[in-house]
Amino acid sequence: MRLGSLMTQVIWIVAAVLATFTVGYVGYSRYLARFVDLEEDRDTPAHKYEDGQEYVPSKKPVLLGHHFSSIAGGAPIVGPITAGAVWGWVPALLWIAIGNPLMGAVHDFVSLSGSLRHEGKSVGYIIGQYVGEGGKKMLLWFAFLTIILVVAVFALVVGIVFNAYPEVVTASSIYIVLALVFGVYLYQLNGPFIPVTVVFVAGVFAAVWVGIQYPLALFELAGDAAHDPGTIVLLSGTGSWVPGAAALGGNTAAWIPVIMIYGGIASALPVWVLLQPRDYLSSFLLYTGVGGAALAIIVGTLLGTASQPLVIDSSISAFEGFWGVDAVFLPLFPLLFITIACGTISGFHSLVSSGTTAKQLDKETDARLIGYGGMLGEGLLAAVALSTLAVWGFGDPAGGIGAALPNFASGGGVILTSLGIPESVGAVFMALVLVSFLLTSTDTAVRLGRYMMEEIVGTTPGRTDTGLNADIGSIARGRYTNPIVQIVPAYLMVISGQWVVLWGLFGGANQLLAALALLTATVWLANWDETKQLVSTGVPMAIMVTITVLGLSWLAFYENIFLNLIQGGAETTGAAISSAVQAALAIVLIVLALALVRLGYRNITEARGGPETPAAEPGDD
Numbered sequence: 046m047r048l049g050s051l052m053t054q055v056i057w058i059v060a061a062v063l064a065t066f067t068v069g070y071v072g073y074s075r076y077l078a079r080f081v082d083l084e085e086d087r088d089t090p091a092h093k094y095e096d097g098q099e100y101v102p103s104k105k106p107v108l109l110g111h112h113f114s115s116i117a118g119g120a121p122i123v124g125p126i127t128a129g130a131v132w133g134w135v136p137a138l139l140w141i142a143i144g145n146p147l148m149g150a151v152h153d154f155v156s157l158s159g160s161l162r163h164e165g166k167s168v169g170y171i172i173g174q175y176v177g178e179g180g181k182k183m184l185l186w187f188a189f190l191t192i193i194l195v196v197a198v199f200a201l202v203v204g205i206v207f208n209a210y211p212e213v214v215t216a217s218s219i220y221i222v223l224a225l226v227f228g229v230y231l232y233q234l235n236g237p238f239i240p241v242t243v244v245f246v247a248g249v250f251a252a253v254w255v256g257i258q259y260p261l262a263l264f265e266l267a268g269d270a271a272h273d274p275g276t277i278v279l280l281s282g283t284g285s286w287v288p289g290a291a292a293l294g295g296n297t298a299a300w301i302p303v304i305m306i307y308g309g310i311a312s313a314l315p316v317w318v319l320l321q322p323r324d325y326l327s328s329f330l331l332y333t334g335v336g337g338a339a340l341a342i343i344v345g346t347l348l349g350t351a352s353q354p355l356v357i358d359s360s361i362s363a364f365e366g367f368w369g370v371d372a373v374f375l376p377l378f379p380l381l382f383i384t385i386a387c388g389t390i391s392g393f394h395s396l397v398s399s400g401t402t403a404k405q406l407d408k409e410t411d412a413r414l415i416g417y418g419g420m421l422g423e424g425l426l427a428a429v430a431l432s433t434l435a436v437w438g439f440g441d442p443a444g445g446i447g448a449a450l451p452n453f454a455s456g457g458g459v460i461l462t463s464l465g466i467p468e469s470v471g472a473v474f475m476a477l478v479l480v481s482f483l484l485t486s487t488d489t490a491v492r493l494g495r496y497m498m499e500e501i502v503g504t505t506p507g508r509t510d511t512g513l514n515a516d517i518g519s520i521a522r523g524r525y526t527n528p529i530v531q532i533v534p535a536y537l538m539v540i541s542g543q544w545v546v547l548w549g550l551f552g553g554a555n556q557l558l559a560a561l562a563l564l565t566a567t568v569w570l571a572n573w574d575e576t577k578q579l580v581s582t583g584v585p586m587a588i589m590v591t592i593t594v595l596g597l598s599w600l601a602f603y604e605n606i607f608l609n610l611i612q613g614g615a616e617t618t619g620a621a622i623s624s625a626v627q628a629a630l631a632i633v634l635i636v637l638a639l640a641l642v643r644l645g646y647r648n649i650t651e652a653r654g655g656p657e658t659p660a661a662e663p664g665d666d
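Residue numbers (the numbering used here): 46 to 666.
By construction, these hints were calculated from the structure, which means they are not laboratory data. One thing to keep in mind: the hints can contain errors.
Unchecked claim - Straight-line Cα separation of at most 30 Å, BS3-like style, residue types lysine-lysine; simulated pairs:
id	residue 1	residue 2
1	577	182
2	93	104
3	105	577
4	408	577
5	105	408
6	408	104
7	93	408
8	93	182
9	105	93
10	577	93
None of these values were measured; they are calculated from a predicted model.
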């Protein structure tokens, strides 16, 4: 079924998203800000517990840059591109345009607001305040397992981009160094903010040119493939000996542990050293990439200045049917809704909002722009990703992540020609935009995993452990040792060669975590004041629980157990073991989530319909 002839211009994708997002921010976010009683003069956790390490008050633009960079990883790019290719661009667009302002942005905002009211604590801590220690531990373990999946998928995606665009390796290295210098200048030397921002931002953009001149790779490509002339190859051979090289290619597989080690080191540093300045600088890349691409679509459509017409490619249908394109057999419901996780609603964002952002918020009222507005920004990124698919086309939807990511850079390069930017430069720039998202999200995820384990094992409030002591608890939560606890299983899952299947598992777990974060917000509101309505959080929570449980059940019982194990789809022993592990993990996540939903529902009914007991004030311990 092809409806594309009715509306073939890509501009309609961007226009639809901008319309619904504007209504959401101007109207709904203002209502939500009043609903949770944000006050400009009330002390935030960043001021109450300022320690120069984790609790650091941040300027609104700096924190917005960090938050946006942290939440906007590869997922809002890969998901829309893959979903659009499988089921058509119309279902993907509708889920982004409607689901984001009504569900995703609400989820991010209430997660941030709830954490503010509970001293910057995580969603796990908050749920524990109302349903007990058992509920807290269940949510924290769920979040920690999801974090491992995030680290695995994002490190893989960076490796794929580094392999496809060696120019980005050089550019990324330069902007990380610039961020380190900028952090020292800003926080230690206390120099002027705006003039130096101009200088360092110019340096980040100049890094794109340097990367084009001096691309970097770890290994040569195998077979007939070869890097572009002038690429600096650091190691000899094709890297066939690297674990995972058979499935991913030696160069890609070699980059993955490098990215994971970087994430571990970056997560252990104080936030002012790298996290805040890097995210602030990279935000200019992100704003330019997302906003520039959206502007280029408008200009190119109205003025016809693009290198090719900005219309939907013939390979992309408006609607491919409930079961998707002929090459796949995937039901639109529920799988589309977990394929596009980030960009519409993402549980990972609740960990960012309540894990790092809440500890750096200068004023409560900043939460509206950063929480609700930041998620709208990610939704716009998802719309731009869908637009690159529409312009460039996508011939192999079964190729998953590996096929989707180069599409974003290539299609983005075509779109940016509308503004007079050469396609070769635009493609590298868009690839750098993607990597800046991914690197930020990767080390933020590792840092959040440490926060989760700190709350599981226990630690002194406002303090972190080095992990260099001999006891297991210290090692598990330590700033220097906890990253190892996350990286090792993440690395083993990636090199298994089952990374395409991992994407579905990641999406389902991520969305189910979002449902649990919305459950946490609903429980908080129910106990805060009996007059507080529960529709804004309760309805999205119920919808996401249903979608994600069904989606994970499909992946566990049909894809992994039936197709791979019973029917023999897993052709190797390693693939069979990976399928069994993934099925078991999906089932564990479902059981944990349903048990927590049961506890939360019991608390809500008691708070609203049980015996008269004093309602808990926000932040009561």
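Structure-based check of all given hints:
no. : hint      : verdict
1   : 577 - 182 : 27 Å, holds
2   : 93 - 104  : 16 Å, holds
3   : 105 - 577 : 29 Å, holds
4   : 408 - 577 : 23 Å, holds
5   : 105 - 408 : 9 Å, holds
6   : 408 - 104 : 9 Å, holds
7   : 93 - 408  : 12 Å, holds
8   : 93 - 182  : 26 Å, holds
9   : 105 - 93  : 18 Å, holds
10  : 577 - 93  : 27 Å, holds
In summary, this structure violates none of the numbered hints.
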